[in-house]
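Trainee: Residue strings, one per chain:
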Amino acid sequence: MLELIGPFFRDLNDRTGWNFNVFYDPYEYGRFLAGAATTLQLIGWSLALSLVIGVLGAWAQSARSRALRWGVDAYIQAFRNTPPMIQLLFFYFGLGAFTPAVDMGGYSQPVISSFAWAVIALGIFGGAFNVEIFRAGIEAVPDATLEAAESLCFSRLQTYLYVTLPLAFRISLPALTNNLVSLAKTTSLAYIITVPEMTYVLNQVWSDNLNVPEMMLVLFGFYITVVTLLAAGLHAVERRLVLPGYGR
Amino acid sequence: MLFADPIAAGPAAIPQDRRALVSLRDVRKSYGAFEVLKGISLDVGKGEVACIIGPSGSGKSTLIRCINGLSPIQDGSITVDGQEVNDPKLDKLSLRRKVGIVFQQYNLFPHKTVLENVMLAPLKVLREPRAQVEERALSLIAKVRLTGKERAYPGELSGGQQQRVAIARSLAMRPEVMLFDEVTAALDPETVKEVLATIRELAAEGMTCILVTHEMGFAREVAHHVYFTDGGVIVEDGPPDRIFREAQDPRTRQFLSQVL
Amino acid sequence: MRQPAFQLGMARLRDGGVLRGLRAWHVAVVLLALAVSLAAAATRLGTLGSPSSALAALIDYAPFILRGFALNLAMSVLAMAIATVLGIGLGLMQISEAPLIRLPARFVTHLLRNSPWLVILFLVMYLLPIEIRLPGGGRIPLPDWVKATLAFALPVMGNISEILRGAVRLIPTGQWESAEGLAFTRGQTLRYIILPQCIRRGIPPWMNWYALLTLSTPMASIFSVHEAVSNAQASMEAAGARPELLLPFYLFLLCLFFVYIYPIAVWTRLLERRYAVR
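Protein chains in written order, with UniProt numbering: chain H, 1 to 248; chain C, 1 to 260; chain Z, 1 to 278.
Check the hints yourself; a few may be wrong.
Stated by the list, open to error - FRET-style restraints, in silico, Cβ to Cβ: (1) Pro129(Z) x Phe98(H): 41 to 49 angstroms; (2) Glu84(C) x Thr173(Z): 31 to 39 angstroms; (3) Leu33(H) x Arg274(Z): 47 to 55 angstroms.
Don't read these hints as lab results, they were simulated from the structure.
We put the beta carbon where it would ideally sit given N, CA and C, even for glycine.
Construct all of the structure, not just a fragment, from the sequences and the given hints.
Mentor: Laid out in structure tokens, this is it:
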């Protein structure tokens, strides 16, 4: 890849001074790739965690235990109505101060890395929105359809698995897509707890090479691409799962 | 064996076995302070077709929903095949397996194809082998004249087609009694005929049916026994000829003069 | 007739009518939980051997942090005002009939909506000059907090533009046609008939974006704008940079924002439900 695009960007730099060194300098290119990989992993894990929390939370909200329902409600309100950046700082510095460190032979390293804290914090933040999205989806499944399942002898669990969840998931998808895309963008906040993702890496690159505008362009291009691809993927899922004859 | 040749018109002869399959005794039900059912008693024998008619809001639909336990009752008793419906110890599933219900709004599963709608319950609830279930489902779909629509989704079908799928879906559980809750009320006149034809065939084959209906002509043609309900009680009941021709109660007469 | 119950369910979901209302006790429960954990953290840390408890330090520095929070609020209000004006302008361009206006406006809206806030913040902070020279020789200084305010306004501007486009699209075409029949010009139709109908629909999402905007203002601390988070961090330094300060100080910050944002969220829900019923 570098052999392919390298000469062009080196030439561009020589002739115009536009220094896209992440695309011709092997060292900077390596940093760029590592940053991209970290961001993609961060997005993948955070989204996955937020979905798991969303499903579990929505299920817990229909539970009989009042304490459980209150707990989930409090969780949603607490995380929806406070700044995600301070949540990250709170998790990483506030709670991170109490997690034990392991001796790595000469230096000690906390058992939970900054990357892991970012996944935890972002997953919990995004999960708070997902719970509400899934719950709204479940509530939008018509009672009459559930009654039909009941009269066909489905048990509660069977009704939930074969009727409620598949329908709720479809109903939730548009809102879910919005939230997941927004969460993917929010992962750039991991910058502030020094997770070496794209924002952090390009900051280092432009500090080292003083090519701020060029790297800013790369940063924009990167996130627009990732977000557009993610949104396109989720829209494809929406189209695949569309119920024929509905919602036109 | 499931279906004999359809008989064009007229109720089939009531089978000799007059043992009541469904039996209601003084059933009372209220929503808050509003009493919907004020002591209803009726018996439906095996192979019998019972039609419940009456003005809107007279508790007809509530009555039918109570029979398979979708709505609990406050007083009285409902038995199906000797089982008390509201017995808390009763296994609701074993009851519902005997009682199929078809709703006014069809309530098909919109994310499943026609074939999947019919097969889902026998597969998951009865845990019957797939090949056997599929064979039965296909024959039921043929029975309701929807062969060729197996892979269609409910949203792609007309109301009458959806309602026939709903009937096939219920029949797939091999119930002993079928409940029909105003199944043609949401359909346009053209498709009403298709659905009524399906029910007529079922009745002719000896399926025990309880229908709530506004189709008076159909009730008269297909029913063995007609119940007229008003204000939460059964005002009058009897063979269709008597009810429709020489009703005794003025309320029945007034209602019939309005709808006929 | 195609399962109207199901479609009704979908419609209720779209209108937000399904979302359950919030209850007042939510505030009480959450605040109580935060206060308890705050106190617990403070006492637990106090027993760990720090001479003056972390809570005492927090009380000492609270006024300083609150002053910073006032700047967060000022930035949020100012940014929202800018975003609203520019967003409506961009939105009107998006529904223009001239492709030369519409397409660039669509592109800019897409760009603003799909970039992370932090990336936009970097862009504005690094690429805007520290002052603007007027042709007459005057100079308008652009302090960091002003630049940050502009940066926060941009993504919200994109989203308001999109809200406007969506709201206009939902107005039935009959409205346009009847206005045309009454010889309104396109501008008049928008001004007197279409936009007034969009306002009510647009208010809940507009408020929602205000809440999100306010929740983003702490990012300005990355550029040492003296808002709540910067001031809290400075306070922790001044109080001896002890690790046991971190938990209570950050919890305090979270509570500050919660107390301000939660009522707005509740109000937004109320409006959403009221408008959904119609």
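Trainee: Confirm or reject each hint.
Mentor: Do the hints match the structure? See the list:
{"no.": "1", "hint": "Pro129(Z) x Phe98(H): 41 to 49 angstroms", "result": "holds (44 angstroms)"}
{"no.": "2", "hint": "Glu84(C) x Thr173(Z): 31 to 39 angstroms", "result": "violated (59 angstroms)"}
{"no.": "3", "hint": "Leu33(H) x Arg274(Z): 47 to 55 angstroms", "result": "holds (51 angstroms)"}
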